[in-house]
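Chemist: Single-letter residue listing:
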Amino acid sequence: MSKQIILKAENISKRYKLGEIGFGSMAEDLNSAWYKLIGKSYSNHKVDIPYDPTNKEFWALKNINLEIEKGDIVGVLGANGAGKSTLLKIISRLTTPTTGCIKYNGHISSILEVGTGFNQELTGRENIFLNGSILGMKKKEIVSKFDEIVDFSETGKFIDTPLKRYSSGMYVRLAFSIAAHLNSEILIIDEALAVGDAAFHERAIEKIKSVSKNEGRTVLFVSHNIDLIKGLCKSGILLKKGELRSDGHIDETIKDYLKISSQI
Amino acid sequence: MITDEKFENIIDSTHKIRLIPIFKEIIKYHELIYIFVKKDFKILYKQTILGPLLYIIQPIILAFTFTMVFNRIGEVDTGGVPGFLYNLIGITFWNYFATSFMANTETFQKAAQVYGKVYFPRIILIVSNFITYLIRFVIQLAVVVLCIFFYKIKGYNITIPYTAFFIIIPLLMLGLFSIGIGMITTTIISKYKDLVALLPLFVQFLMFISAVIYPISALDTKMSHYFWIIKYNPIAYVIETARCLMINNANIPYKGLIYSIVINIIIFIIGFIVFHKKEKNYIDSI
Numbered sequence: 000m001s002k003q004i005i006l007k008a009e010n011i012s013k014r015y016k017l018g019e020i021g022f023g024s025m026a027e028d029l030n031s032a033w034y035k036l037i038g039k040s041y042s043n044h045k046v047d048i049p050y051d052p053t054n055k056e057f058w059a060l061k062n063i064n065l066e067i068e069k070g071d072i073v074g075v076l077g078a079n080g081a082g083k084s085t086l087l088k089i090i091s092r093l094t095t096p097t098t099g100c101i102k103y104n105g106h107i108s109s110i111l112e113v114g115t116g117f118n119q120e121l122t123g124r125e126n127i128f129l130n131g132s133i134l135g136m137k138k139k140e141i142v143s144k145f146d147e148i149v150d151f152s153e154t155g156k157f158i159d160t161p162l163k164r165y166s167s168g169m170y171v172r173l174a175f176s177i178a179a180h181l182n183s184e185i186l187i188i189d190e191a192l193a194v195g196d197a198a199f200h201e202r203a204i205e206k207i208k209s210v211s212k213n214e215g216r217t218v219l220f221v222s223h224n225i226d227l228i229k230g231l232c233k234s235g236i237l238l239k240k241g242e243l244r245s246d247g248h249i250d251e252t253i254k255d256y257l258k259i260s261s262q263i
Numbered sequence: 000m001i002t003d004e005k006f007e008n009i010i011d012s013t014h015k016i017r018l019i020p021i022f023k024e025i026i027k028y029h030e031l032i033y034i035f036v037k038k039d040f041k042i043l044y045k046q047t048i049l050g051p052l053l054y055i056i057q058p059i060i061l062a063f064t065f066t067m068v069f070n071r072i073g074e075v076d077t078g079g080v081p082g083f084l085y086n087l088i089g090i091t092f093w094n095y096f097a098t099s100f101m102a103n104t105e106t107f108q109k110a111a112q113v114y115g116k117v118y119f120p121r122i123i124l125i126v127s128n129f130i131t132y133l134i135r136f137v138i139q140l141a142v143v144v145l146c147i148f149f150y151k152i153k154g155y156n157i158t159i160p161y162t163a164f165f166i167i168i169p170l171l172m173l174g175l176f177s178i179g180i181g182m183i184t185t186t187i188i189s190k191y192k193d194l195v196a197l198l199p200l201f202v203q204f205l206m207f208i209s210a211v212i213y214p215i216s217a218l219d220t221k222m223s224h225y226f227w228i229i230k231y232n233p234i235a236y237v238i239e240t241a242r243c244l245m246i247n248n249a250n251i252p253y254k255g256l257i258y259s260i261v262i263n264i265i266i267f268i269i270g271f272i273v274f275h276k277k278e279k280n281y282i283d284s285i
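Chains A and B, in that order, are what the protein sequence lines are.
For the first sequence, numbering that gives the first Met the number 0 assigns the number 0 to the initial residue and increments by one for each residue that follows.
For the second sequence, numbering that gives the first Met the number 0 assigns the number 0 to the initial residue and increments by one for each residue that follows.
Same shape as in the complex, but just chain B (with noise of 0.2 angstroms):
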């Protein structure tokens, strides 16, 4: 005699979206991301000289060539605020973005050579991803909270305002929007192989067009012409207030912020529908 007619789980072949089950599955292996987690720092110290350093050092270096080009040679008009904790400011909040975004693109072609004959939901491997640039960024603030009390010490008038503690919002602004433009290149590059090669390149040109080492502002009047780049870059409106609530030395584009937040969920959501429909048979098409 057969009992029992009743199945815990179910694979078919719909595409369905069903947000509460996800949800789920997110909370239940929640013992898996942070596993990721700490995998994705335990790698860092491992055959390495630098180890964390490297996180340090890295937007420092970067800072201080932006400054050399930018504020030295060619005069961008940072507004009394020194070049370089202006360009280190922009700097670090960008690299959040820039390194979570490539790490996010990679979640299929990752998942096919390391996860390949193992079954878990992919989404697990962003949520992680997530977390990972998080606790990095937060070891980078660090560096641009120390670099803000060298120079009230040297002299300048510098104060981190009440203000500094919202750059919460465009930090998850930033994390949304490396979630969702990652999850769409992810998706396309599961089947369009050659456009790796491109990715470096485009995320270059989305920096200097993003205004992570100058104001807004200042393109306005320099380069007219190209403006509109500018104007319609949703992350430069982000950047932007990330810096102004850090030191407190512009208006925060309120305007600006609010495009930038529709922008945001419609790519985010664009992301999420694509990437999962993907999810189930990418092995198939990768």
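Just chain A, with the same shape it has in the complex (with noise of 0.2 angstroms):
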């Protein structure tokens, strides 16, 4: 059987300065011009890190290339500041690269954190067509799926109350639901099962796996727990300090990541 590539990245690198964002106001914009045209170093860099102008770069990717199958569990690996969540978020379209480009087919839901494009105004069932909606899907579609969408998430009762109303459980229920039945080719989902319990836990599990068994969809898939991604995913990939350290097996990937974390 002839293998799809769904995702394509080529060169990716992001790069984030350091200092010169988080200024704020223009006042303070206007003083560091002036202190770097007299030659100076502005004295709000002194404050908490020595300012050094040939240091002000801060490269979270650098140089990534990968493939991702269609049809596949992905496990993404990598220290806390590896860079998981900035390659998550281009992929997501939330930011651009600073160099490279990713290719990919279909479309891509993300649940990079709990929640993501509810409104707490709206009630449940408003923002399930809300999120269908960002998600490009079209209503007829939506509604196609809207019974399972909240059998999954077990909110039946709740679902014309404002989403301000929910428990932390009930939000992040429904949130995993309406990702993992709308009709997106590629599923990404950041730690975003650690809020449900154990019993919404496993059923969730047991959804990502047929998500890609039965209906054929990517799911690229962030977690610390190494046995979860163990039993979870085929293919693995591990990130170290923005660089892409190993990209195959799931069971080598781990090994290598087992490795890299007892060097530290």
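Bear in mind the hints are in silico, worked out from the structure with no lab data behind them.
In this text the structure is predicted, and so the values were computed from the model without any measurement.
Incorrect hints may have been included.
[To be verified] DSS-like, lysine-lysine: derived pairs with alpha carbons at most 27 angstroms apart:
1. B:Lys5 x A:Lys212
2. A:Lys69 x B:Lys27
3. A:Lys138 x B:Lys254
4. A:Lys138 x B:Lys45
5. B:Lys5 x A:Lys233
6. A:Lys139 x B:Lys190
7. A:Lys233 x A:Lys258
[To be verified] Output of the computed footprint for chain A on chain B, the stretches with three or more beta carbons under 8 angstroms from beta carbons of chain A:
8. 18-32
9. 117-124
10. 171-178
Backbone N, C-alpha and C define an ideal beta-carbon position, used for all residues, glycine too.
Two chains, two frames, a set of hints: combine them into the complex.
Modeler: So this is what it looks like as structure tokens:
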């Protein structure tokens, strides 16, 4: 059987500027520009770190090349600050890469954080339609999936209650349920399952498996839970300090991950 | 074996403006626009006493206040038109611009807070604002029409002329202004947050120099020193034109209107460019 590449990253790098951004007010910016002009360092820089004009950049990602196959569940591994979130943000089109490009087919839906794209004032029902439309779905498609979403999230009784009255468990169940049932070819899940209880957790894992196996959708799964990733994913990506360390079968990725972790 | 090397979507770092894809995306997300507009009106009914009545009461009270201050205490010459009606028309058109503008200035800030972790073209928020405030305007316009009939019954010589149909032109111009200036402002504010505090002040100042409650000609004679502020304010001509079309009380300032259209287009193009450049990675600087 031939394998299809659904997402391809070529030479992705992301640079963040340190210091310069996060000033916020025009007066401070002008001040900073003035000090630069007369050749002195701006006093604000001295507060926490020594100001070094040569080191104002931070590369969150360096030359990432990736190919992800259709229908795969890919585990994304890496210590805190390795660049996992930045990579997923770029794939979700929330920010642009500094260099390189990502090519993909179909729609991407992501749960990078609990309750993404929800409106607190609207009811659960309205939020399902809001979220579906954000993913570019037609009303008809959302209607056809509506009952499934409600059943899976177990929010039946509360579906016409504003979201601000939901418990955090209901919130995360609905968020996951929407993302899992809507027709996106690529699904990105970033530690969003941590809030649900054990029973929902298990059902969510089963759902992810079936989404990949039965519907042929691709899942990018971020977690620090090695056992979970081992049971769920076929292949894995390991990031360390913005670089791609390994990319292949999940067992080897986990081995590398544990090796790197023990070194520190 | 790897097949299918063709991809539908590409994410990269270019900021090139490709008009056709942007237009296509707006069409593609038309249901999201519909939901945003519906949401804006639904929220209006939630936990409120007045609900949409607020839109009717607000311009009436404002027009009443201005009539007291400027037509009774001060003596603005409205050329035989009842002061209240004169002010109400000006305020209705001005409100459309001001509320739409304020909503557009919030685009990036709102997008970061509410929709920060999901992608959709942010211009969708602007398009849905445009529609929302157009609908609100229509509601407020109904009040103006009722008010005209009221004065007619009372014996004033006011009729709605056939030219009233053309208010669509000043209306679209005000909408375009609110988008153009709004796009520029939201881009600047995403970096300089303290400017948010100055915005209401700016809008208020703009209102008093936009011929909302007086004819442009009145200032030429009364305070000729400051007349240049109004003379170069493109919005003033639009408001004046709208009022002329509604009640046919004066001649349309054609010269000023053309000047206004040119400025409008220039601002819109600048706004569109800076907005588009910022749109892709505003999240990094907000």
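Chemist: Does each hint fit the structure? Answer for all of them.
Modeler: We went through each hint and held it up to the structure:
Between the alpha carbons of Lys5 (chain B) and Lys212 (chain A) the distance comes to roughly 23 angstroms, so the proposed pair stays at or under 27 angstroms and holds. Distance hint between Lys69 (chain A) and Lys27 (chain B) is fulfilled; the C-alpha atoms sit about 25 angstroms from each other, no more than 27 angstroms. A C-alpha spacing of about 47 angstroms is found between Lys138 (chain A) and Lys254 (chain B), which places the hinted pair above 27 angstroms, so the restraint is violated. Proximity of Lys138 (chain A) to Lys45 (chain B) is assessed by CA-CA distance (about 24 angstroms); at most 27 angstroms being required, the pair is judged to hold.
The straight-line distance between the Cα atoms of Lys5 (chain B) and Lys233 (chain A) is roughly 24 angstroms, inside the 27 angstroms bound, and the hint therefore holds. A C-alpha spacing of about 40 angstroms is found between Lys139 (chain A) and Lys190 (chain B), which places the hinted pair above 27 angstroms, so the restraint is violated. For a cut-off of 27 angstroms, the pair hint linking Lys233 (chain A) to Lys258 (chain A) stands: about 20 angstroms separates their Cα positions. With 4 residues bearing a CB less than 8 angstroms from a CB of chain A, the region 18-32 of chain B meets the requirement of three and the coverage assertion stands.
With 3 residues having a beta carbon nearer than 8 angstroms to a beta carbon of chain A, the region 117-124 of chain B meets the requirement of three or more and the stated coverage holds. With a cut-off of 8 angstroms between beta carbons, the region 171-178 of chain B has 0 residues touching chain A; three or more are needed, and the interface restraint is violated.
Checked against the numbered hints given earlier, this structure breaks hints 3, 6 and 10; the rest are met.
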